[in-house]
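Whole structure, please, built from the sequences with the hints as guidance.
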Amino acid sequence: MLNALDISTSALVAQRTRLNAVSGNIANMSSLTDETGKPNPYKAREVVFQTDDTMSLSGASGVKVAEIKSDNADPLYRYQPNHPLAIKEGEWEGYVAYPNIDLTTQMVDALESTRAYEANVGVMEITKNLSRETLTILA
Amino acid sequence: MQGIFGGTPIAALEHTLTFAQRRHELLAGNLANLDTPGYQSRDLDIGEFQNALAESINSANRPMSSATSPYTRDDLFDGPRKATEQVVFHDGSDVSLEHQVTELAKNQHLHGLAITTMRSQFALLRAAITEKA
Chain A
1 MLNALDISTS ALVAQRTRLN AVSGNIANMS SLTDETGKPN PYKAREVVFQ TDDTMSLSGA
61 SGVKVAEIKS DNADPLYRYQ PNHPLAIKEG EWEGYVAYPN IDLTTQMVDA LESTRAYEAN
121 VGVMEITKNL SRETLTILA
Chain B
1 MQGIFGGTPI AALEHTLTFA QRRHELLAGN LANLDTPGYQ SRDLDIGEFQ NALAESINSA
61 NRPMSSATSP YTRDDLFDGP RKATEQVVFH DGSDVSLEHQ VTELAKNQHL HGLAITTMRS
121 QFALLRAAIT EKA
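One line per chain: the protein sequences are A and B, in this order. Numbered by my numbering, the letters in the first sequence go through residues 1 to 139 in order. Numbered by my numbering, the letters in the second sequence go through residues 1 to 133 in order.
Source of the hints: derived by calculation from the structure; they are not laboratory data. It is possible that some hints are incorrect.
[Claimed, not checked] Examples of chain A residues toward chain B, derived with CB under 8 Å:
1) L2
2) N3
3) D6
4) L12
5) R16
6) L19
7) K38
8) M55
9) S58
10) L135
11) L138
Because the structure is a prediction, the values reported are computed rather than measured. A virtual CB, placed ideally from N, CA and C, is assigned to each residue, including glycine.
Rendered as structure tokens:
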């Protein structure tokens with residue numbers, strides 16, 4: 001029965017990873033350069049979940065983070081010819097590349113992972129109550 | 001001579017309780033060091049403890065003969081093993097809040113199980129002594 005706790009824990013870890021990714025996406029929604037300082041607008045990170053059968057005894061699966069993908073959407077171009085990072089030549093001359101992050105999608109993602117986290121905490125509470133009830137048979 | 005507690009699982013339960021208490025201390029320490037850079041989480045191996053306990057009960061069939069029981073050795077509690085199966089974060093720490101809290105809950109359950117079983121064993125003994133149920 002306590003195996004159910006492990007499964008819920010795996011979901012908690014996965015949802016927290018997702019919430020961290022969303023926080024990073026929102027924090028970097030105006031980041032124009034990458035970690036080396038080169039002009040390269042931030043790309044949204046997307047956390048991919050995968051079922052994890054290593055912890056199951058009864059056929060129930062846990063969840064794990066399979067990979068964290070970078071969103072390949074084209075950057076948003078804004079015409080700012082006097083900006084120091086404005087593109088010097090080519091089709092987008094005078095434009096600045098901004099991260100293509102949709103705040104609404106990110107906020108909904110954040111809400112969803114928060115609710116999923118709460119749901120799993122709720123399941124853990126039920127699991128603990130079940131085993132507590134089992135002990136009262138003895139007493 | 002087996003003594004009053006001979007033939008009861010009270011001694012084994014006592015060791016389970018000691019184990020749960022020691023493990024609780026370690027898990028509490030892990031949670032306290034949640035943000036300590038470089039901290040490696042510590043834990044006691046519950047499978048190893050239960051194997052040693054089962055072996056001792058089977059071999060002696062008398063958990064009270066602690067002089068020969070292998071599970072009373074102190075080294076079972078002295079060797080908090082470093083958990084290596086966890087991901088190491090960028091600050092070198094590997095404490096995962098969710099995992100630690102879940103292990104705390106499981107450990108609490110083990111403790112409750114041992115306490116409840118022990119209480120019912122004592123109730124049986126009391127019933128035998130006072131000759132009333």
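Hints, verified against the model:
no.	hint	in the structure
1	L2	5 Å, holds
2	N3	10 Å, violated
3	D6	7 Å, holds
4	L12	4 Å, holds
5	R16	7 Å, holds
6	L19	12 Å, violated
7	K38	22 Å, violated
8	M55	12 Å, violated
9	S58	17 Å, violated
10	L135	5 Å, holds
11	L138	5 Å, holds
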